[in-house]
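J.: Residue-level listing of the chains:
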Amino acid sequence: MKAKLFDYIEKDNFVFNLSGVTKLLCFLILTFTVMYSYDVRVILPVLIFSFWVLHVSEIKFAQIKIMLYYVLVFIAINFVLTFLFSPQYGVELYGSKHELFALTERYTVTAEQLLYQGTKVVKYLSVIPLGMLFLLTTNPSEFAASLSSIGVSYKAAFAVSLTLRYFPDMIRDYNDIALAQQARGLDLSRKERLGTRLKNIMNIFVPLIFSSLDRVEVISNAMDLRGFGKHKKRTWYAFKPLVKNDGLAIALCVAIALAALAVAFFIDHGRYWNPFVA
Amino acid sequence: MKKLFEFKTKTIVATGIGAALFMLLFMYVKVPTGIPETDVQTAYGLGSFFAALFGPIAGFLIAFIGHAISDAVQYGSPWWSWVVASGISCFIVGLAYPRLKVDEGVFGWKDVLTFNIFQIVANVIAWIVVAPVLDIVVYGEPANLVFTQGAVAALWNAISMGVIGTLLLFLYSKTRAGKGTLSKE
Numbered sequence: 013m014k015a016k017l018f019d020y021i022e023k024d025n026f027v028f029n030l031s032g033v034t035k036l037l038c039f040l041i042l043t044f045t046v047m048y049s050y051d052v053r054v055i056l057p058v059l060i061f062s063f064w065v066l067h068v069s070e071i072k073f074a075q076i077k078i079m080l081y082y083v084l085v086f087i088a089i090n091f092v093l094t095f096l097f098s099p100q101y102g103v104e105l106y107g108s109k110h111e112l113f114a115l116t117e118r119y120t121v122t123a124e125q126l127l128y129q130g131t132k133v134v135k136y137l138s139v140i141p142l143g144m145l146f147l148l149t150t151n152p153s154e155f156a157a158s159l160s161s162i163g164v165s166y167k168a169a170f171a172v173s174l175t176l177r178y179f180p181d182m183i184r185d186y187n188d189i190a191l192a193q194q195a196r197g198l199d200l201s202r203k204e205r206l207g208t209r210l211k212n213i214m215n216i217f218v219p220l221i222f223s224s225l226d227r228v229e230v231i232s233n234a235m236d237l238r239g240f241g242k243h244k245k246r247t248w249y250a251f252k253p254l255v256k257n258d259g260l261a262i263a264l265c266v267a268i269a270l271a272a273l274a275v276a277f278f279i280d281h282g283r284y285w286n287p288f289v290a
Numbered sequence: 004m005k006k007l008f009e010f011k012t013k014t015i016v017a018t019g020i021g022a023a024l025f026m027l028l029f030m031y032v033k034v035p036t037g038i039p040e041t042d043v044q045t046a047y048g049l050g051s052f053f054a055a056l057f058g059p060i061a062g063f064l065i066a067f068i069g070h071a072i073s074d075a076v077q078y079g080s081p082w083w084s085w086v087v088a089s090g091i092s093c094f095i096v097g098l099a100y101p102r103l104k105v106d107e108g109v110f111g112w113k114d115v116l117t118f119n120i121f122q123i124v125a126n127v128i129a130w131i132v133v134a135p136v137l138d139i140v141v142y143g144e145p146a147n148l149v150f151t152q153g154a155v156a157a158l159w160n161a162i163s164m165g166v167i168g169t170l171l172l173f174l175y176s177k178t179r180a181g182k183g184t185l186s187k188e
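Quick note, the sequences are listed as chains A and B, same order.
Sequential numbering of the first sequence, starting at 13, is according to our numbering.
Sequential numbering of the second sequence, starting at 4, is according to our numbering.
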């Protein structure tokens, strides 16, 4: 278990110098665009674009390797499960049937199903670079400031920043407690029965959670004493003001989103691209 | 009288710390059941405990933030439909908050029942209604797949909340001194 989840290594390039607000907005706009569209002709350019931005931002492959593996496993499982559960979902969706070959009667591979599942793979793949970009190029301290400037209540934004601040502490506490309990003979591995394992996990949970509750008291007293929450608004130390490049980046993302919507409304007449109805 | 939607400094801090714990458990402390991708997430037990102690807003934010950040860190991007469903499940558990007096040391059989009724309703709504419907609407996933996944998630999360949540509340109530428990000698 690593106390450090991801590295924020500051660099001097276009993407890093953008304000956190811009990156949050662009991330949200582009992910929702990709989520909405089921047209491979729209998603593929976004995918290429996001990998290009990833390249521009000089993020090293080693930094994103683990995430990439996780996502590939997830996509593979989703791909297999989709086919197992709904082998004819594409046929239902596109309203035509072009059989390619049959495995069994139920599991007939159709062109429609391949298009549907293929689009889905590209869709899920294109979201990853966007998320990684946002995560790896935004200073964690700036995150709360960004959230509050897109309209999230500053109290909720502060909770997010507390989460990021205390996560490594929690990992450390957890490790200390888990090692101490394991030294006393507690088994958490698969060798133990499910019921026993739950009981053993409780023996780590209780000290971890109760000490965290004490910590809640200490922190909230400290914040109250400093007058937290007295005013309706607050300012942020880590806030980066918006400059011309931020405007450019936001305009570009909005343009991509509008283009995707235009394709959906005027060309596809819906979320799905249907090449089978000629 | 406890207000359902109050958001004091203490609630904010509890949300932050709770979400950090939620993230930790969500990513690292799962109980494998033998079926791939369907571990019992102990994080929901914790989420329900915090929701019962600090109310629905804290519950919602803990699960929402915790789930979103751990998804982002592991997969690069949050799976929004399930993140929202997580938040809603802990929000509904949090509605039990004004009925419980755990921080005054009271957690009897009646309270166990109250907590578990809320918890089961919460899981059914979140995982059998909200998550699959959002999956279909937002991501265009096939219906029978997402409803099966939802039903499995509802079952495991209800077990997690029912066992871990109830136990934590019971143990926590034991550490609190109740009202009027001092006696004159």
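These aren't lab readings, by the way, just hints derived from the structure by calculation.
Do not rely on the hints blindly, as some may be mistaken.
[To be verified] In silico DSS-like links for lysine-lysine, alpha-carbon gap of 25 Å or less:
(1) B/Lys33 with B/Lys104
(2) A/Lys244 with B/Lys104
(3) B/Lys6 with A/Lys244
(4) B/Lys6 with B/Lys177
(5) B/Lys13 with A/Lys242
(6) A/Lys242 with B/Lys6
(7) B/Lys13 with B/Lys187
(8) A/Lys203 with A/Lys23
(9) A/Lys167 with B/Lys177
(10) A/Lys211 with B/Lys177
(11) A/Lys167 with B/Lys13
(12) A/Lys203 with B/Lys113
(13) A/Lys245 with B/Lys11
(14) A/Lys245 with B/Lys13
(15) A/Lys245 with B/Lys6
(16) B/Lys113 with B/Lys6
(17) A/Lys167 with B/Lys11
(18) A/Lys132 with A/Lys109
(19) A/Lys211 with B/Lys6
(20) B/Lys13 with B/Lys182
(21) B/Lys13 with B/Lys104
J.: Evaluate each hint against the coordinates.
T.: Checked hints:
1. B/Lys33 with B/Lys104: Since the Cα atoms of B/Lys33 and B/Lys104 sit roughly 29 Å apart, the hinted pair is violated (cutoff 25 Å).
2. A/Lys244 with B/Lys104: Given pair A/Lys244, B/Lys104 is violated - Cα atoms ~31 Å apart, limit 25 Å.
3. B/Lys6 with A/Lys244: Holds, because 20 Å separates the two Cα atoms, which is no more than 25 Å.
4. B/Lys6 with B/Lys177: holds (24 Å)
5. B/Lys13 with A/Lys242: holds (14 Å)
6. A/Lys242 with B/Lys6: holds (19 Å)
7. B/Lys13 with B/Lys187: violated (33 Å)
8. A/Lys203 with A/Lys23: violated (46 Å)
9. A/Lys167 with B/Lys177: violated (31 Å)
10. A/Lys211 with B/Lys177: holds (18 Å)
11. A/Lys167 with B/Lys13: holds (11 Å)
12. A/Lys203 with B/Lys113: violated (36 Å)
13. A/Lys245 with B/Lys11: Given pair A/Lys245, B/Lys11 holds - Cα atoms ~15 Å apart, limit 25 Å.
14. A/Lys245 with B/Lys13: The given pair, whose Cα atoms are some 18 Å apart, holds under the 25 Å limit.
15. A/Lys245 with B/Lys6: Given pair A/Lys245, B/Lys6 holds - Cα atoms ~23 Å apart, limit 25 Å.
16. B/Lys113 with B/Lys6: holds (21 Å)
17. A/Lys167 with B/Lys11: Holds, at roughly 9 Å.
18. A/Lys132 with A/Lys109: Given that 25 Å is the threshold and the Cα spacing comes to 19 Å, the pair holds.
19. A/Lys211 with B/Lys6: At roughly 34 Å apart (the allowed maximum being 25 Å), B/Lys6 and A/Lys211 break the hint.
20. B/Lys13 with B/Lys182: holds (21 Å)
21. B/Lys13 with B/Lys104: Holds, at roughly 17 Å.
When the structure is compared with the earlier hints, violations turn up for hints 1, 2, 7, 8, 9, 12 and 19 and for no others.
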